[in-house]
Amino acid sequence: MKILVAISNVPDTTAKIQFNDGNTQFNNAGVTFIINPYDEWYALVRALELKEANLAQQITLIHVGLIDSEPTIRKGLALGADDAVRIDSAEPDAFYVAEQIANYAKSNNYDLILVGKETINYNGSSVGGIIAGVLDLPFVSLATKLEINSNKATIEHVIDGGSQIVECELPLVISCAKGMAEQRIPNMRGIMAARTKPLTVISSTNHNNLTSITSYVLNAGRTSCKLMNEDDLDDLVKLLHTEAKVI
Amino acid sequence: MSVLVYTEINKGRVKKASLECINYGAKIAELTGSSVTAFVNNANQSQLEEIGLAGASKIISVKNDALKSDSMLLSAAMEQIAKSEKSKVIIFAFDINGKAIAPRLSAKLKAGLVSGAVDYPVIKGDSFEVNKNVFSGKATATYKINSEIKIIAILPNSFPLTSGQNKSTIVDLDVDLTNVNSKIIIKEIKSDNVVGMIPLPEAELVVSAGRGLKGPENWGIVEDLANSLGATTACSRPVADLHWRPHHEHVGQTGVAIRPNLYIAIGISGAIQHLAGVNGSKTIVVINNDKDAPFFKSADYGIIGDAFSILPKLTIAIKKFKQNQN
Ligand SMILES: Cc1cc2nc3c(=O)[nH]c(=O)nc-3n(C[C@H](O)[C@H](O)[C@H](O)COP(=O)(O)OP(=O)(O)OC[C@H]3O[C@@H](n4cnc5c(N)ncnc54)[C@H](O)[C@@H]3O)c2cc1C
Ligand SMILES: Nc1ncnc2c1ncn2[C@@H]1O[C@H](COP(=O)(O)O)[C@@H](O)[C@H]1O
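Going line by line, the protein sequences match chains A and B.
First residue of the first sequence: 0, per numbering that gives the first Met the number 0; consecutive thereafter.
First residue of the second sequence: 0, per numbering that gives the first Met the number 0; consecutive thereafter.
Chain A extracted, bound-state conformation:
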């Protein structure tokens, strides 16, 4: 079985968010980039576990992005993926990214395509569903458990008000959420091995330009906190009713 894991390159969760060029570009000066946590902790680690259990033979990482994201890809290889593909292009929107990944997957026969639940920069939760739509494959979203049995996947995933267990023939696309696996730290051997693992760069294919970002603004944080005394909680309750109007 061959697994394709889509990884995204995102600012570290503690990065300071700033924009430049008249608030039209994300300012990445001084920002550390990481593999999107859902892609790394859940999608990639579960794929590695399946390989360790001899249920998968090859794990390929795919990333749509420019050369500056290669350290992030190498980290995925250090964790244990076998090889990686980078589609050399900026990532204008989810549709573009998904179409590039789908086009690559179409000619390379993967049994499973794993994505994260969402990216922590654009929070779209869209790429997985679009890949499945383009390839006409089933899509299971927000998976928290994944087992493979010959050519069948058994998946537990989040639904409204609980979860559900489904079965599906391979191939399919799955978006991965908390519960699938636990975070791992790459070891020295992995890091050394990653340096020589194949990272193929391919150019982007024809694409659609369906959406574009015209500008950004930083959301105003809260400006002041009213401190209340623990012996005057009736006052707090009153403020929640009359001032905040939330109770």
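Just so you know, these hints were derived from the structure itself, not from any lab.
The structure displayed is predicted, hence computed values, not measured ones.
Beta carbons: idealized from backbone N, C-alpha and C, even for Gly.
Wrong hints could be hidden among the right ones.
[Stated by the list, open to error] Straight-line alpha carbon distances no greater than 30 Å define the calculated DSS-like cross-link-like pairs of lysine-lysine that follow:
hint	chain 1	residue 1	chain 2	residue 2
1	B	290	A	244
2	A	237	B	290
3	B	109	A	225
4	B	107	B	87
5	B	189	A	15
6	B	15	B	109
7	B	137	B	62
8	A	144	B	189
[What the hints assert, rightly or not] If you want a taste of the chain A side facing chain B, the calculated C-beta under 10 Å gives, among others:
hint	residue
9	10
10	44
11	50
12	53
13	54
14	55
15	171
16	205
17	216
18	225
19	227
20	229
21	232
22	236
Assemble chain B with the ligands onto chain A, guided by the hints.
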């Protein structure tokens, strides 16, 4: 031309997020001189009435048990309807099902998708722009949708609900799904809802606690406070990781993102990854015994002190307030 809205029934009612979508669609219909068509599966008379009151002109009522929550089938149904209705704008809630169906429909219709919209679109001639939260609520981006058909998934709890007169016509429809090869077989459905508790993503009032509570045996005072308000309980990530509380209560960057009207954070330090999932809340109350806890910088109201002595007093104050209300 029409604005097509995807709506759902959950626990006997039309989902609140679906009603928000109809209101939102009605606003776009007003801006573009068109009307709202709502799609619903397995709705009864009173549910159809609710959809009409929220502003749908036409309700396409499908009765098909096979559709259930299979995103492939639901997307195929929406695709057929969007084509026959000549829909130019399609609205979903950015919730569990919306996140599974809208992207697939976007692929099928080559329609630009903005997911997690927080404002009404600005339409000027051919230009169609809509705002959405990015960087986990730290910023807002304006997206221009260039395609002819546009899909918007709106963030639940972002728009006030209104209801007017029911002027809708109901059209019963059989959708043809014979060409859709869905291979997903449902084996088991597990509900992890505490009876009577509103699920976190929909909750308007949330009481959340962190490692400051010291251990799972101390959650009684958190639950008492939540019960006094009719609030849903949540927790920080370490609390879920330590198995003090179930995983579905974990809010933040890697857990559930919520935006209730009121978020009460007890014994939670306010790490940036926690804030990323809750900073869209309308009002935040922080209870922490460390006056320098970062969470106070993101709070509207704060109480510096020991949660173990504050919570019972706050519960009494709320109960007293509720009694006076009646
Ligand atoms: C990539 C990444 C993703 C993450 N995602 C999430 C996420 O989704 N959600 C999340 O919550 N965290 C997340 N974290 C973890 C986050 O960084 C913090 O470690 C976590 O939020 C801390 O939880 P806490 O506030 O409960 O615990 P602590 O940081 O231990 O804080 C406990 C607080 O309780 C207070 N306290 C102690 N005793 C009392 C008392 N008696 N009365 C009142 N107050 C008291 C203390 O002053 C302190 O402020 C993530 C981290 C990373 C690296
Ligand atoms: N540029 C990218 N390259 C590869 N995979 C991506 C990229 N962007 C997003 N993804 C994948 O799609 C998932 C969902 O992303 P999104 O729809 O942007 O929230 C991510 O968790 C990744 O697995």
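Each hint tested on the structure:
1. Pair hint residue 290 of chain B plus residue 244 of chain A holds up; C-alpha atoms about 26 Å apart against a cutoff of 30 Å.
2. For the given pair, residue 237 of chain A sits about 23 Å from residue 290 of chain B by alpha-carbon distance, which is consistent with the 30 Å threshold.
3. Note on residue 109 of chain B and residue 225 of chain A: the hinted pairing is violated, with a Cα-Cα distance of about 49 Å set against a maximum of 30 Å.
4. Of the supplied pair hints, the one linking residue 107 of chain B and residue 87 of chain B holds, its CA atoms being roughly 14 Å apart against a limit of 30 Å.
5. For the hint pairing residue 189 of chain B with residue 15 of chain A, the CA-to-CA distance comes to about 40 Å; that exceeds 30 Å, so the pair is violated.
6. Taking the CA atoms of residue 15 of chain B and residue 109 of chain B, the gap is about 28 Å. The hint holds against a cut of 30 Å.
7. Proximity of residue 137 of chain B to residue 62 of chain B is assessed by CA-CA distance (about 42 Å); at most 30 Å being required, the pair is judged violated.
8. At most 30 Å may separate the alpha-carbon atoms for a hinted pair to count; residue 144 of chain A and residue 189 of chain B meet this at roughly 14 Å.
9. Interface hint at residue 10 of chain A: satisfied, since its Cβ lies 8 Å from the closest Cβ of chain B, which is below the 10 Å cut-off.
10. Because the smallest distance between the Cβ of residue 44 of chain A and any Cβ of chain B comes to about 13 Å, over 10 Å, the interface hint for this residue is violated.
11. Against a cut-off of 10 Å between C-beta atoms, the interface hint on residue 50 of chain A is violated, since the closest Cβ of chain B lies about 24 Å away.
12. For residue 53 of chain A, the shortest C-beta to C-beta distance to chain B is roughly 24 Å, which exceeds 10 Å, and the interface hint is violated.
13. Contact between residue 54 of chain A and chain B, as hinted, is not supported at the beta carbon level, the nearest pair being about 19 Å apart and thus beyond 10 Å.
14. The criterion of a C-beta within 10 Å of any C-beta in chain B is not met by residue 55 of chain A, whose closest approach is roughly 20 Å, and the hint is violated.
15. About 8 Å separates the beta-carbon of residue 171 of chain A from the nearest beta-carbon of chain B, less than 10 Å, and the hint is met.
16. Using the Cβ-Cβ criterion of 10 Å, the hint placing residue 205 of chain A at the interface with chain B is not satisfied: the shortest such distance is roughly 13 Å.
17. This hint holds: residue 216 of chain A has a C-beta 5 Å from the nearest C-beta of chain B, less than the 10 Å allowed.
18. A hinted interface residue such as residue 225 of chain A counts as satisfied when its beta carbon comes closer than 10 Å to some beta carbon of chain B; here the least separation is about 5 Å, so the hint holds.
19. Satisfaction of the interface hint for residue 227 of chain A is found here, the shortest Cβ-Cβ separation to chain B being roughly 5 Å, below the 10 Å cut-off.
20. Annotation: interface hint on residue 229 of chain A holds; nearest CB of chain B at approximately 4 Å, less than 10 Å.
21. For residue 232 of chain A, the interface hint holds, since its Cβ comes within 10 Å of a Cβ in chain B; the closest pair sits about 4 Å apart.
22. At about 5 Å, the closest approach between the beta carbon of residue 236 of chain A and any beta carbon in chain B falls short of 10 Å, and the interface hint on this residue holds.
This entry does not satisfy hints 3, 5, 7, 10, 11, 12, 13, 14 and 16, going by the numbered hints stated previously.
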